Every structure is written in structure tokens, then in C-alpha cells.
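**Student:** Sequence:
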Amino acid sequence: MKEARKCVCTALLVFMVVLLSSSTLFMKENKERNQAQHSLIWDMKSMILSIIDESWFHGNRQVVVNTEDKKPSHVVLSPNLTTCHPSFSDDNKPVYCCPPKRKSEEPFINFQFPDPSTQPVRVRRPAHVMDKDKDFVGKRQADIHCIFCTGAYNQQHSNSLMKIHRSWMFFPWHRMMIYFHERILGSLIGDDTFALPFWNWDAPEGMHVPDMFLNGSFVDTERDSSHLPPQVVDVNFDEQERGLGHEEQKAYNVGFMYTQMISAAKKPELFMGCPYKAGGDGYCNAPGTVEDAPHNTLHYWMGSNLNPERENMGAFYSAARDPIFYSHHSNIDRLWEVWRELRSSNNVPGDSDWLDTHFFFHNEKSQLLRVRIRDVLDIMKLSYTFDWVENPWINARPKPSVPPHMARQILRMRNSNNHDTGGLLLITSDFGPTGRILDTILRVQVQRPRTHRMREEKEDEEEVLVVYGIDVKNDVYAKFDVYVNAVDEITISPTTREFAGTFVNMRRGVTVVMNKDDITVDKKTHIKLGISELLEDLEADEDESIWVSLVPKVNTEDIKPSHVVLSPNLTTCHPSYTEQHKHVKCCPPKRLSEEPIIDFQFPDPSAQPIRVRRPAHVMSQDIDFVAKYNKAIAIMKSLPYDDPRNFMRQANIHCTFCTGAYNQQHFNTLMSVHMSWIFFPWHRMMIYFHERILGDLIGDDTFALPFWNWDSPVGMHVPDMFLNGSLSDKQRDGSHLPPQVVDSNYQGKERGLASKEQKAYNVGLMYTQMISAAKKPELFMGCPFKAGKDGYCKSPGTLENAPHNTLHYWMGSSLRHEREDMGSLYSAARDPIFYSHHSNIDRLWEVWRKLLNSKNIDPEDPDWLDTEFFFHNEKSQLVRVKIRDALDITKLRYTFEEVVNPWSHINARPKPAVPPHMAKQMLKMRNNDNGGLLLTASDFGRTGRILDNVVRVQVQRPRTNRTKNEIEYEEEVLVVYGIDIKTDVYAKFDVYVNAVDENAINPTTREFAGTFVNMRRGVKEMMNEDDVAVDHMKSNLKLGISELLEDLEADGDESIWVSLVPQGDTGVNISIDGIRIEYLR
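If you count by mature numbering (1 follows the signal peptide of the UniProt record, and there is no 0), then the sequence shown holds residues -23 to -1, 1 to 1058, one letter each, in order.
Certain hints may be false.
To be verified - Okay, derived cross-link-like pairs now, DSSO-like style, lysine-lysine, Cα gap no bigger than 27 Å in a straight line:
| no. | residue 1 | residue 2 |
| --- | --- | --- |
| 1 | Lys358 | Lys342 |
| 2 | Lys868 | Lys605 |
| 3 | Lys562 | Lys852 |
| 4 | Lys244 | Lys435 |
| 5 | Lys827 | Lys888 |
FYI, nobody ran anything at the bench for these hints, they're computed from the structure. Keep in mind that this is a model prediction, so the values were computed, not measured.
With the sequences and hints as input, model every part of the structure.
**Tutor:** Quick look at the structure:
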């Protein structure tokens, strides 16, 4: 009954809002109505809305639970207070920015303006003046800035991260942050007139660190000591000292302020930043002039040059730990007011998406307040103001460095000599899909859409220079300046008219642990600079084109070259966490980028004997070898962790590279060495160096890793050597130890076959995976994974799917959540059997290359051949290896003992479960039976198809009755595309062709085409906010079926029936977009 009354009351209140809104509209058409009456109606409407809001969001907790995920028809930007992503520094230390408990668990109230009858106006005065006031005190709330400025919160109703930099939110958010900070400080000392001083760095008398911040509670030890008084600030700091005298630097600063506050910032978007709205589509990334500099530049100038992130002020996450932060932003806030006064009209956006964007802060009573931007626009209503000071930059309009008529002549000569560019001159202003690297000054001729504009046109529309697609590759301080019609860039500075503005990337300093389904935003940004006044001063307003110079200032080493090969970025290593949020220490103790790197050299054949790898089940009988191997592992385990030869360090190589802990070099796309053509060469070189380290530890340069010969019946069990001593591992499935026969196609539960049947089953699987489904390199090795987001692919080869993945999972402990050790990528290499498992994988790569008996066995693409990896050798040196180095095992000085491969025998070729002519008749009858599991459309639409049951799909074949030569030249390939694994789980399905009864099909029958296996990572990575998440991109499965169709006598058929059969109850986590047939040369 209470809920019913509440609903009725709310409905009445809504009805009243509608009536009041109608009254408001009526009043707009009747201008003689009293403005006070209009305000009264508006206040009544707001009050009713707040009652509804408070009623639904605080009066009944049950309603909150049921409605919190319902997205309204129109969403304004707001943080989702149920989310706060943890943050970590580059050296993987947690940075505690999130509040002790979720803010969503606190009641919040809507912001109300201070009562002017009880709240005196706080007057903010210059900090250099307030130095003389000895009674002044300070306090800080640093973590508010950390969480909102690094993207720790998601947006409400969206999985997009929320940021308050680089957009029109920058000014209002920071205004309210320091507003509440100021009120809290005043409340703590019982002074309701207390006001934050502003650091008046835009005026010569305030261009130094104010003395008050050098002692007591205001001091911060994390500052650049060379920038303390009497050093003059550099408002356009390039990371390097400019070397100007004090007066020259002050003049430089004043000229810079004119550009940032006046000539480049004549419209709100230019000064304030781009219009950032709710959702992924509403995201933008373009700061206003003052945010770029002096805001960012002075942050960095103030931070300590002894800290890697220039903490405190030099990084977003730590900036507010320095008390000077609040005076810095007090001046930023003042300059917003000054700019609005300079632009007496059109000085704030009228967009309701901006006005209704809301934030949350705690007030002086520790209450959580919701504040809208529309609440922050009138500082008098907020009961504070600024002491008037002179702004010398207002009248500091720069002059051209070269008389314009002379500059035009010189620039015309540049035009005529454009054929002699030297790589610096570009006459096209769009740099194409790969962009242009800013590793030197770029001079670009930019065409102007309009010339000879009237003064009225200029006042109405500002001409804007847009530098777009700016991509800073790492979380670094990066900066470039922009000049127009500069004859000599060396002579240009903010005191000259050719200076148009600057771009500054300020570092976050932390990485944020994102959820798997969080939306990462394109990190590319742009800057917009007003140039109407500049062109007038340069007498270029009538010119059809202008020359724009982009002048790099800081961190050009992070710029992408013209062609990029796949390589890990060793400055990055994302921390890893289990599903239980436990930190898994996979990253090395220090960044690999800090170590010297040597290029790989093949061993000297005159000094290095050939290592011979032999079957593990045979070598288990060699007591001396087993003792030697145990000793080597024991020594390796005893080494300190900071030694890269340590056993856990070796294991963590797999953890970092196989779970996506490293970014790619020059890209924010994560790098993984599974599910693509780099799977075989990367693992080859991992165990190559592991083997050499083991041999070196025991002084035996002939030591070779045994291979677990699980593809042959004699080796289809766990080798005895791995059951005891240093080679044992407690994290294994105890039911799978000898005499249990391995299941090479393990589905996550026992198959229940007798040993002989299981061995035959395994041999049949090997035939399909090594021969019939793998007749082309891409089918066996995986898809061509190249650098960048566009080069990413996710399609494993046949052998990686199984037995590689399946035996990993089969070996892992059934008692562990992630089936550690072998059953998860992050922990697999902690089990010594991992190396013998991969020794056999490596052997089978060599066997397949010989079976193919063709020169076309390795990709010739330089993107593959030049892909780079990094491993430590037996001397603890970091070695750079290219794939082209890994292709000849003779040069690598190892080989494999010859063994019989029973699956390669002609007798291992599977036979159809049902005679083909009978199967065809039965399948024709199926055509007329639409029993719910049959699909005649092989594309499953935008939502895909959940594999919660067997799915049978009729797939059309583009070509039939191909000749033998055509079949040899082009393999017919069955492609299951858009495979989406919903969570990090072991998931598996088998693929059958023309199966009459799926229950009768297995790898010993010809209808079996192959399998897809998703191996779990076991950890999630703490990604940077702007990293491109690729681990959740959809996968493909490609299976060669030419031989299969021949055996099923289906090569002349226009269509085939494909059955997708989920295994081990894992299908509920799998969705598929469709099936098609392709041809692969």
C-alpha cells in the first residue's frame, strides 16, 4: 500500500512538472510577464524534480536496486559511483586513489548555493601577496583528482571511462573541486571567509613559486628543486631549461598568455575544449588552449625531475598531493572568469548536455553532493570572488619576426623549390592512414577554404587551424608547438606573431585496471587554434594557402616510424590479477627497457655441439639424465628472483607474453603470442633459451630438453621423470597421472574410453590436425598477426587448438579454480612438464614442414620474418630475436631424435562413419526436417548464435567439381567466424561435416573436421585507459576440408551440412556469427 501511495504521489508530481513547463512555455510567448514569476515557476519545478529524485533514489533502496541499470532516453555525462578502477604505477605498485568505500553506498544531496545572508564572500588573493599573511593554513584532498583525472570511474549507463581533462568539463570540474576544498579548509579552522590564494603565474610579479609553499604544511618534497625561487616559471615548459634571463622569460610568458587567452581562443570550444558527452559516441579528446598550457606545462615544470613520473605535480594521479596544486587551479579558475569577461557574449556553451553534466564531491559536512555544471557558472552565487589584479598579457599582442612582405617572398621560394624537400616539406595536409611521425620539424602547406573574409564574417566565424589525429604512443609528457608562415622556426617564440599555439600531453602516471567489457576510447586527439587575428597580423588573410610548422619539443623518441613490425614495448608491463583480485607478479622486477639489448647471434658451430632432444618416456629410464635434469631445475629454482635465469622468472616470461601484459611497440594494442602465426616461433625461442640456461647451470653444453611424445601411443602418458624431484609439480590433475592415457582432445571431463580406444582416438585426431585440416601454412600456424590494431588477428592453427590447448588443460589441477598450473596460460610454465610439452610442439612444427614437402612452408612476409621477441640468454643478457632467426634448427644447434609418427601412416586416415551414398540420402531427408536445430542460413546475424546445443548448418559451396590440380593449388577452407567466448573460461566445440548422427562421430571418423579450443588466461591485465583491448575480439577457426570432402564423396555437392558440437558443457559461453567457405592458396 505504501508503494502504491508513493507511485500515485510521484505521478501527481510529474503532472505538476508538465503543467509548470507548459506555463513556462506560455510565458516565453508573453514577454510582459514578470521575470520573478518565471523564476518562481522554475524553482518550483526544480524542487518537485528533486523530490521525485530523492524519493526514488533514497526513499526506497529496493527501487534503487531494480532501476540502477535502466538507461534513460537521454543520458547526460555523470560518473558511475559503483565503479572505481584500481590504479598502479609503472613499477606495478598499487596507488590507492579510490575511496575506502563506494560513493554509491552513501546518500547524496543536490547542491544548493550558499545562503548569501549567512555566507560572506570569500576573496581569493594572489599567493605572492598572501605570503606575508602568517596566519594562512592549508590542507588537501588529493585522491579526488587522482580518480577523476586518470579515468578510474566509468560513466553512468555506459562502460566508457569518464575523464575530466581534454574537454569542456575541465574548467567546471576543477572549479568545484577547489570550491569544496576551500570550504572544508575554512570549516576546519572555523573561518567562513577563508579563501584559497591564486598562484598569479601569468603576471611578472607572480612568476615564481610563492614563498608560502616553501615551508610548513605547504611544502612538498616532490618538486623540481631547480625551479624554486628565484627561478622564473616557464609557462611553455619543454622539459629542457630554456636558459633565458629572468626578464626575458617573463616577457616570453606574457606573450604566450596573449596567444592562449586571446588570439587562439576567441570561441568557447577553442578556450574550453571539445564537447564531451555521454557514451562512447559522445567521447572527444581535444583540450582548450589554457589546459594545454600553461596548465599542463606548469604541472610538469613543478614536478620532481628525480621521479620517473615527475611526481607530484607532474602526473595527474599525484598532482593534488602538492598543496600548490590548489593555488595553481585557483588561478586557472580566475582565468576562466577573466576570459568570460573578455568575451562578454557567447562565453559559455548553451548545450544542456554540458549544463546538466554532474559531478559528486563531499562538502565541509562530509555530505556527498551532486553538482551540475549549471550550478558552477556564477561565482557570486558560490560566494567567492577574486582580488582584482592587472593582466599584462591583455595588451601584449605579438609582432611578426619577419616583415610579412619579406616572409611572403621567402615562402614563395619555398613553394617553387618544393621538389627539394629534404623530407620536411609536405604539400598535402592529410598524412594518410599511417600518419606522419613528428621526429623532426614538419612544414605543411595547408589550403584555406575561404579568403578575403569581411570583418563581420571574422567576428561571426573564427578561422581555426586543426591538427588532428595526434597519437602519443606512451604515457609520457609530449609536446609540440605550432607556427604559421615561419621563415625560420628557430627564431619563433610566443613573443612573435607566427606562434599559433601548442599541444601538450600530460602523463597520467598510473595505469587503471579496466574491466573486460569496459570501452576503451580512441586515444587520438586534436588541437584547435584560432588564427583569424594571426593571419591578419601576418597579412596572410587573402592568401589561398599558409605554411604550418609543427615543431616537436619533447619525447619524439615515442613517435611511430613509417613502417612498424610487431614487437613488444618493453617500457610497458601491465600487472596481472586473478578473478579473486589477487596480484600475480608476472612482470620482471625492473623494466626490460632499462637493460642493454644485444641482437641474436647463431651459436658458433665450431664451439657448440648439436643438442639432441629425445623422447621423455625413453629418457625417463636414463638415471643419469634424470638426475642431471633435476639438478639443473633445482639450481634454477634456487637463483634469486632478480636473476632472469631464475625458474619463476622463466615461467613468468610465458605469463607476460601469453596473457597480453605487454603493449606493442609504437601502439597501445596489446601483444599476445597465441592464436596466430607467431605461436610456433615464439615458443621455440622461449624453450631454446631455457634449454641453454639449464645446460649452462650444470656445465653441459650438450644438455637438451626431452620431448613429451604424446602423439605416439608409446608416449601417451605423463613421463615418469616428471613424477618426482624438481621435475614434479603439485598442481596437476591426480587422476591423469600414469597409467592414465592422455586425451589429446580433452573436453574438460573424462571420455571414459579404454586405453587402446583412447590411443586410437588420439592418433585419429593427430591425422586431422597435422595433415588433412592443415595443408596450408595459415591453417597449421594461425592467422597473420601484424603490428597495430588493424594488424591484429585471432585465429589459431590446428595444432595450437589441439593437442596444445587440450593437453594443457588435461594436465592442470582439477582442484584449482583456473586449473593451475598447466591449465592456465599465466601459470603453465611453472610446471616443468611445460617445456617437454612444447619441445614436442616444436618437433611437430619441423615434422609438418617436412610433410608439406614444399618450398612454400614458411610465410615470406617481412612482417612475420622481422617480428621481434626478447629473451634472456644463459649469460643473463637481454637478446632481441627475429622470427627469421628461428627457422633453421641446425643453425640453432639442436635437433630431434627420429621417432615413428603413427598418425602419418596411410592407415591413420579416418573412414566415414556412414557410407557416403547412404549419408547423402539421409541428409536430403534432413533438408525437409526443420527441427529447430537446423539452419539453412550460414550467417547468424548481428547477435550471433549461442552454442548451447548442437547446431547444424547448411553451408553453400562457391565451387564444385574442382580438378585435382585446382585442389592442390587451392585448399577449400571451412571458416567458423565471429567466435566469441563470453568469459575467461575453457571452451570447446568440435566441427563435423555431413554427420548423420553426431553421437557416432569422433576423430577416428572422416566426418570430424577439427576443433576449436579456448584456453583460459587465468588472469586479467591492468590496462591503461587508452590501451586497445584485443583479448575480447572475436576469433575465427579455419579448417582445410578438400581431402575430407573427397573421402565423403561430397566434392561435387553444392552444399554441405556442418555440425558445431559444444564439448564438456562449455557451449553456453560460446557464440558464433556464422560459417562460410573460402579458398586458400
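**Student:** Each hint needs a verdict: does it hold in this structure or not?
**Tutor:** Hints and how they fare:
1. Of the pairs offered as hints, the one joining Lys358 and Lys342 holds, with about 19 Å between alpha carbons and a cut-off of 27 Å not exceeded.
2. As the CA atoms of Lys868 and Lys605 are separated by approximately 25 Å, the hinted pair is consistent with the 27 Å bound.
3. At most 27 Å may separate the alpha-carbon atoms for a hinted pair to count; Lys562 and Lys852 meet this at roughly 23 Å.
4. The straight-line distance between the Cα atoms of Lys244 and Lys435 is roughly 11 Å, inside the 27 Å bound, and the hint therefore holds.
5. For the proposed pair Lys827 and Lys888, the alpha carbon gap of about 25 Å is at most 27 Å, so the pair holds.
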